[in-house]
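Construct all of the structure, not just a fragment, from the sequences and the given hints.
Same order as they appear, the protein sequences are chains A and B. Just so we're aligned: the first sequence equals residues 77 to 369 in this note's numbering. Just so we're aligned: the second sequence equals residues 5 to 359 in this note's numbering.
All the given hints hold, so there is nothing to weed out.
Subject to a maximum C-alpha distance of 27 Å in a straight line, what follows is the list of computed BS3-like cross-link-like pairs (lysine-lysine):
1. K323/B with K161/A
2. K133/B with K161/A
3. K133/B with K231/B
4. K259/A with K236/A
5. K161/A with K336/B
6. K323/B with K336/B
7. K259/A with K161/A
8. K336/B with K259/A
Hint data in this document are derived by calculation from the structure and do not stem from the laboratory.
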Amino acid sequence: MEFFFEVLLGGLLAGVMYSLVAIGFVLIYKASGVFNFAQGSMVLFAALTFVSLLERGIPFWLTFGITMLTMVVLAWAIERFMLRKLVNRPPITLFMATLGLSYMIEGLAQAVWGAQVHGLELGISDEPLELGGMLLSQFDIFAAGVAGVLVIFLSWLFNKTRTGISLRAVADDQLAALAVGIKLQRIWLIVWAVAGFVGLVAGLLWGARLGVQFSLSLVVLKALPVLIIGGFTSIGGAIVGGLIIGASEKLAEVFIGPIIGGGIENWFPYVLALVFLLVRPAGIFGERAIERV
Amino acid sequence: MLYRESGQFISDYRADRRLFRLWQERAGFYLLLVFAFAVVPFIANDYWFSAILVPFLVLSLAGLGLNLLTGYAGQLSLGSAAFMAVGAFAAYNFHLRIEGLPFLLSFILGGVAAAGVGILFGLPSLRIKGFYLLVSTLAAQFFVQWVLTSVGWFSNNNASGVITAPPLLIWGRDFSSPAGRYLLTLAVVVALALLARNIVRSELGRHWMAVRDMDTAAAVIGIPILKTKLLAFAISSFFLGVAGALWAFTYLGTVEPHGFDLTRSFQILFIIIIGGMGSILGNFLGAAFIVLLPILLSNLSGTVLAGLIDPGQLENLQKIIFGGLIVFFLIKEPFGLARLWQNFRERSRIWPLRY
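What follows is the structure in structure tokens.
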């Protein structure tokens, strides 16, 4: 039983890392209705830029600032050269455009910074911490803390600031938001920049864990089932979805894996998400749209 | 002025049902077939056959399969490579385990097996659509790959899960030479492309397009949504399965489940975006583009830009160019290269007049 809880908690904490990536999706989906497949490459791009600058001897906070600036420039370029020209296109078209975008960002990141694996040291020891008889990774607890702060920051941004309220207005009804004088393009820029920021945070945590390398862009594939379970439009849902995926994935790997052969963590989240879809098509916290299928 | 339809009157139903109604189009099509079947085998060398023509044909067929599902029936899929894998491994096993099964029949059975799997993963499409459906197809992608890798039976207990194509013997003739492989692939692809062309203008094809454009309206006028969507998944997977079998048997010779990963699915999706959604010709244009561009780039960097681009950067450059092209096409020409060709045809009809 002890072992069960240890696996469960480890899975929950690992799930927080998935949530971090999923939050980036939710932000963009909420504000522009774009399912942004390039979020994974943005994570890679941010982490790679950060680590390369750090290796050139630039102090931590300055590096953070420069990387953030780069993400803003990237967001501006995406808005200016892609989104603005794809207004009023079907969502599927926008999705495919972000697929192309993700190829571009990946290529760009590796062309500029090279393809080798970088180690990233955030100064948090990865020694296991004993808590009530269970061994937990200190790093995972730190990551969970960061995710908590991020969620609080984002909900403050969305609920209390003027920008946040316009963001929600755009998410609710683009046309009506335009009619009351909200600048759509500015909102998109902001939301993509914030998604870039979330990507940077996720990239740093994932990078510290796995090393900064190409496979970082594949975390997008882990975030997809998280979104399905949590709903596309809810930040809280992304967190809960991440926890469910993380925990069930680890439990399945440990307890079911040996029975049917290992390596099931690649597809298990998807099958779980599929089951969820059949029961609750809008996810746990998603807005339920009435739609004929 | 280059060609026109004036003077060609359709006076009976047979003529009205023709695939190509204008004699110029028919002549062009037959000339192309004669060229591909009778001229190319004599002028192309082995490099062209095995590195360019065969992958081009197989990818065209795979694009065709996805296009039926995405371009005609409107269901987005990222699991194309999984269905190709099912086709390849099923064809291999049918050939291996049934004594004396004709080669072409094992291709078809491979396609049928893929169709079965396609129906299975298409079932969620009855309740969900759009991005949510993507998850179902991604589940297919990861699940199929895992099953093929971890269940040894599918690869005849090969230690690394690799299957090797048997000699390509059809009616006692050996098609193992590069030219033979090309002819075999060409014959299968042409037959299936004609079949697809006929399907999309049949009742079924019209049902697909109705569901794609507005499923509620389609249901209201009495189109059976369930049957239509599942048939789209089945037929699309059949084409992909045959393409997978060809990929394994006539192109690579040996193949492992890993060869059909998500990257391959993306590649096929890119073919139909660049080539043109909802077009049969577009798949061929898109596949040609996808096969030729990397070769062109590496040749360019080897000759014209020698020394300017280091070989390691070539792959990154290629990624940037592909990504950029996808975005460019989606912005400027959502119907892809096929629409450009159509525009050219319209132009040549009235040339040299403006309109």
